[in-house]
Amino acid sequence: MSAHCMLTGARPGFGNHISFSHRRTSRRFDPNIQSKRYWLASEGRYVRLRLSAKGIRTVDTIGVEAAVARIRARGGKV
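Mapping of the sequence shown onto my numbering: position 67 corresponds to residue 67, and the numbering continues sequentially without gaps.
These are computed hints drawn from the structure, not numbers from a lab. Hints may contain errors.
Okay, the calculated beta carbon distance ranges per label pair [said to hold, decoys possible]:
1) Ser2 to Tyr46: 19 to 29 Å
2) Arg28 to Glu65: 26 to 36 Å
3) His22 to Ala66: 46 to 56 Å
Calculated lysine-lysine pairs in the DSSO-like style (CA-CA distance at most 30 Å, straight line) [to be verified]:
4) Lys77 to Lys54
5) Lys54 to Lys36
6) Lys77 to Lys36
Cβ coordinates follow ideal geometry from the N, Cα and C atoms, glycine included.
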């Protein structure tokens with residue numbers, strides 16, 4: 001699966017490893033993606049969301065109903 005957050009849209013960043021000799025090689029900076037299950041009361045079911053740590057804090061702030069509405073507005077499938 002791709003390492004991206006369904007809510008915030010965080011995706012991997014790219015950069016360089018820089019060794020002691022200053023030789024550069026490519027690397028990825030992956031976001032902290034967690035799979036979390038929430039109860040969606042309006043639909044009477046659980047939904048499993050792949051969220052970054054920041055996305056989990058956002059769901060705690062705005063609520064799961066508003067978060068799912070934002071994901072669907074972005075074109076995501078829940």
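How the hints compare with the structure:
{"no.": "1", "hint": "Ser2 to Tyr46: 19 to 29 Å", "in the structure": "holds, 22 Å"}
{"no.": "2", "hint": "Arg28 to Glu65: 26 to 36 Å", "in the structure": "holds, 33 Å"}
{"no.": "3", "hint": "His22 to Ala66: 46 to 56 Å", "in the structure": "holds, 47 Å"}
{"no.": "4", "hint": "Lys77 to Lys54", "in the structure": "holds, 20 Å"}
{"no.": "5", "hint": "Lys54 to Lys36", "in the structure": "holds, 13 Å"}
{"no.": "6", "hint": "Lys77 to Lys36", "in the structure": "holds, 15 Å"}
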